[in-house]
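Participant: Quick mapping for you: the protein sequence lines, in order, are chains A and B. So in the working numbering, the last one in the first sequence is 165, and the numbering has no gaps at all. So in the working numbering, the last one in the second sequence is 303, and the numbering has no gaps at all.
Just so you know, these hints were derived from the structure itself, not from any lab. Every clue listed holds true.
Pairs of lysine-lysine residues, derived as DSS-like cross-links and limited to a Cα-Cα distance of at most 27 Å, are as follows:
1) Lys303(B) / Lys265(B)
2) Lys117(A) / Lys203(B)
3) Lys117(A) / Lys128(A)
4) Lys203(B) / Lys284(B)
5) Lys203(B) / Lys128(A)
6) Lys265(B) / Lys284(B)
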Amino acid sequence: MANHSITITVNGGRERLDVPSNMTLLQLLREKLALTGTKNGCAAGECGACTILMNDEPINSCMVLAVEADGAEIVTVEGLADDGQLTPTQEAFVEHNAVQCGFCTPGVLISAHALLKRNPHPTEDEIKLALVGNLCRCTGYLRIIEAVQTAAENAILSSSKEGDA
Amino acid sequence: MLARPGLPSFDYVRAGALDEVPRLLEEHGEAARLLMGGTDLFVRMRDGFIRPQIVVDVKHLPGMRDILYDEQAGLTIGAAATMNEVARHPDVQAHYPLLAEAANSVASYQLRNRATLGGNLCNGSPAADTAPATLLLEGRIVLYGPNPSTSSGQCGEREVPADEFFLGPGATAIRAGELMTAIRFPVPPAGSAGKYLKLGRNKAGDLAIAGVAVFGFPNGTTPSGYHFRIGLASVAPVPLRAREAEEVLAASPPGEETFALAAEKAMEAAAPIDDVRASAAYRKAMVRALTLRALREVWAQIK
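Whenever a hint applies, use it, and build me the whole structure from the sequences.
Facilitator: Here it is, written out as structure tokens:
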């Protein structure tokens, strides 16, 4: 099986790696780069535990080959916080106890982050639709939805404060 | 079930030129598979249904992700354009909202960032959500491969109407050595409107138990003054049009009575199976209900 030399940017750092054809991006992140925040759930694009940002868009990293990500910019859950400072979305998840077992949380955070970026003021239905691909088997959906709503509200507050300053 | 992150071994090849693809397909035969979004391919490979030796990535070939609209020629969508790219494209939203709605109904947001329109069609799934819209908007599938009219081994392009594309579960008109490069749609008729109603086990994210698309527009040549097209997914061995229901709608004045009869005919056109998602009897009943609802919605927009 062929090996491929790829260059990718992961959470701001450039990496040059040799990857076999059949390695998924998920495997690359977890097994080569030790970024184990991203989880392996169903390995079929259903559960969303492996959701990451690839070139600013959320994707299921179990459904992408590492070699297909050559040249891409990747952000995993480890890359959301800036120097230990949680994002407003992460803060809201803490505030609402929107984490139970935590297995789905990294993927949910990535999907929520991407949603608020493309739609800063989502309705409840828009939040639900954006999170359709992130299954929580603790069924803690209500608190997750509340946390995303709070994150959106906090973002509005902080941007209006900036406006005042 | 054990976690199964790994894929069986194969060689990944990124196609650099269109002509490489038919050559690779000819050379490797069944051992070669084409890759666009991978959302079906990788699942089947993990489950052991297929075991290709070589996976040829064709999504970077020129034009494969383009979405182009022209007021005369209509819409051309590269086979590897993703569902999200199709659904949010301004020209698709403005002129082909039925297609945008269908693309948006597939799986989840993150999967739609990888899943492609061409992949959805070329897998030949009876449940393909974009198939009814492609049938009703009179899409033409563009295939590139060995040209049978020349003996020199030269490659060429041919177009297959969506109506003739789906041949059975997993079977399409794609011949050995061919790849799908684009889907072309004519300019839609003036005053047209469409609706895709998908019934899944969940409100969103699931495969369809039944999918019904209706497309209608004013038309002076029919006794009713309107033309309606009806497309069905997930209720027969192939996605199909309910022609007898369409004839009812062309012949009789639009309204509840005609719609009820057309919905009955659409139900008769369905030939579903019992499976894990629903029984055949339930699917048939849902085709009738969804057809009626979609007809009312489209009629409200075009009358």
